[in-house]
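*Asks:* What follows is each chain in one-letter form.
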Amino acid sequence: MPHLDELKSAIKERLPELDFVIGWGRGFDPIHATPLFMRTEADVDKLEWGPLNVHNTATYLPSLRGKKVGVVVKGCDSRSVVQLMQENLIDREDLVIFGMPCTGVVDLTKIKNAVGDLGMVRDVQISGDTITVTAGGKEHALALADVLNNKCTVCQYHNAVLSDVFVGEPIEPSVPEDQVYADILEFEEQTPAERMAFWESQMNRCIRCYACRNACPMCVCRDHCVAQSRDPNWLSQRHDVGEKMMFQLIHAMHLAGRCTECGECERACPVDIPLVRLKKKINKEIKELFDYQAGIDPEATPPLLAFKVEEQNIREREW
Amino acid sequence: MPPLAGKELRIVGFLCNWCSYGGADTAGVGRFSQPTDLRIIRVPCSGRIDPLFILRTFMNGADGVLVSGCHPRDCHYSEGNLYARRRLEILQRLMPFIGIEPERFSYTWVSASEGQRWQKVVGTFTDEIHAIGPAKPFGVSMEQLEKQMAGVLASPENAGAEKQEVERAAS
Ligand code: SF4
Ligand code: SF4
Ligand code: SF4
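Keeping their order, the protein sequence lines are chains G and X. Position 275, counted from 1, in the first sequence is what the UniProt record's numbering calls 275; the numbers after and before it change by one each time, with no gaps. Position 82, counted from 1, in the second sequence is what the UniProt record's numbering calls 82; the numbers after and before it change by one each time, with no gaps.
A portion of the hints provided could be inaccurate.
[Said to hold, decoys possible] Short, incomplete list of chain G residues facing chain X, as computed with Cβ under 8 Å:
id : residue
1  : 2
2  : 4
3  : 209
4  : 245
5  : 246
6  : 286
7  : 304
8  : 314
In case anyone wonders, no lab produced these hints; they're calculated from the structure. Everything numeric in this text was worked out from a predicted model, so none of it was measured. Just so it is clear, CB atoms sit at the ideal spot from N, CA and C, and this is done for glycine as well.
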């Protein structure tokens, strides 16, 4: 990473005025990066930048309100920061945002599928377009393009949409804007019965651990989440597919117009349920109806908190 | 023949107290004939309707859901229905994505004086739901469902069960 040193010195420069800076460091093994809380210059030297930085650093911000924090962001993380600002859940003046152009992060599930057991990783080397993972006594050279997170293959915001310090040369979008929702359109070619069967088989695996919710930067209700409330009692303790789907629909609807497609919900899911698909669908409709994308403009009002008396794009039904 | 042919379906209507509930009342007072499948839930404003009410209703086994509020610009609270319109439109577009046929959910505006319009709305909507038949509950396969229904209808207590079903539906 040619610019990493530059980023580190920029962070060191601002560190004295901050409680800490959030970034990524090496985790318990070479393949799992982990969020890094940098308080000293020595901590800053542990900062890493690259395709293993899968976590969304913005997720921590709402619970750190009142502290002065720095946050290192990828493009998608920066959208979460902006969205949190927009909803007045964090304070701009308490925040220093550090960005670098992001070329994409890996999907660990894809790597696991390619190398077998991710618990046995001994070494990871990244050079150019290849990631070489040594696991189970074998070296697996994988093309980065094949193990990239889906969101990165259509990324429109490689560069932070908002930053105080930006290091490096900005990158162009991965694909033209009209291809971002191609996967959603493809899924919609199925019949309703097929689509329901798909979600049933996916939700069947859900263990209701709520990791998807806990990882989501925009899920800020904490102890007041309707999934656990008894009054009103939105969800029973039943472990059937309907209740699990209902929870995902609650999550998706509560994120309507707010979800920045960071993919944390899906990444956190221990059983690999494609949760972003539901949210992307809603985002696609919001884009079409209101020409709006979450996490771009700190001054904007989320579309479901607003209305127009004459809606240009809503065609209501004639009876 | 499907086990529920000729029977009522479960259609739930969320109606705004100020307009559409009155409209349905007007239709009743005017003695306009209406299908009887619709169970009405009166809400203070269409803006009170959390889209999750509708999803929960489907998850609990409804075959169709209809929302009706005051015409835009006529809201008793001036803008509840304008917020509702955005939410309901998103919901309407989401539902087919999870496999609920688009015909099963509709939203519209009926004022308290529009008894005739109410008759048309509820009639058209009910006909459309009947045309596609009962909804498959989420998480139950079609085979399981047919087995269950066949079991109910074929059992010796069939007559009793059916009577109960009719009473339950009527209550
Ligand atoms: S979506 Fe874009 S900014 Fe986010 S990790 Fe992927 S390439 Fe980077
Ligand atoms: S719902 Fe998922 S993709 Fe959307 S903001 Fe939350 S974690 Fe990110
Ligand atoms: S993280 Fe996955 S398994 Fe856990 S509740 Fe969410 S969808 Fe279910």
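*Asks:* Does the closest beta carbon of chain X sit nearer than 8 Å to the beta carbon of residue 286 of chain G?
*Replies:* With a minimum Cβ separation of about 7 Å from chain X (threshold 8 Å), the hint on residue 286 of chain G holds.
*Asks:* Hint residue 245 of chain G vs chain X: min CB-CB distance below 8 Å?
*Replies:* holds (6 Å)
*Asks:* Does the interface hint hold: is residue 304 of chain G within less than 8 Å of chain X, judged Cβ to Cβ?
*Replies:* This hint holds: residue 304 of chain G lies near chain X, its Cβ roughly 6 Å from the closest one there, short of 8 Å.
*Asks:* Next item in the hint list is residue 209 of chain G. Is there a CB on chain X closer than 8 Å to its CB?
*Replies:* This interface hint is violated because 19 Å lies over the 8 Å limit.
*Asks:* Return the status of the interface hint for residue 2 of chain G: holds when the least beta-carbon distance to chain X is below 8 Å, violated otherwise.
*Replies:* violated (43 Å)
*Asks:* Interface hint check: residue 246 of chain G, Cβ to nearest Cβ on chain X, cutoff 8 Å. Holds or violated?
*Replies:* holds (5 Å)
*Asks:* Would you check whether residue 4 of chain G satisfies its interface hint, that is, whether its CB is within less than 8 Å of any CB in chain X?
*Replies:* violated (41 Å)
*Asks:* Quick one, is the residue 314 of chain G hint okay against chain X at 8 Å, beta carbons?
*Replies:* holds (5 Å)
Of the numbered hints listed earlier, those contradicted by the structure are 1, 2, 3.
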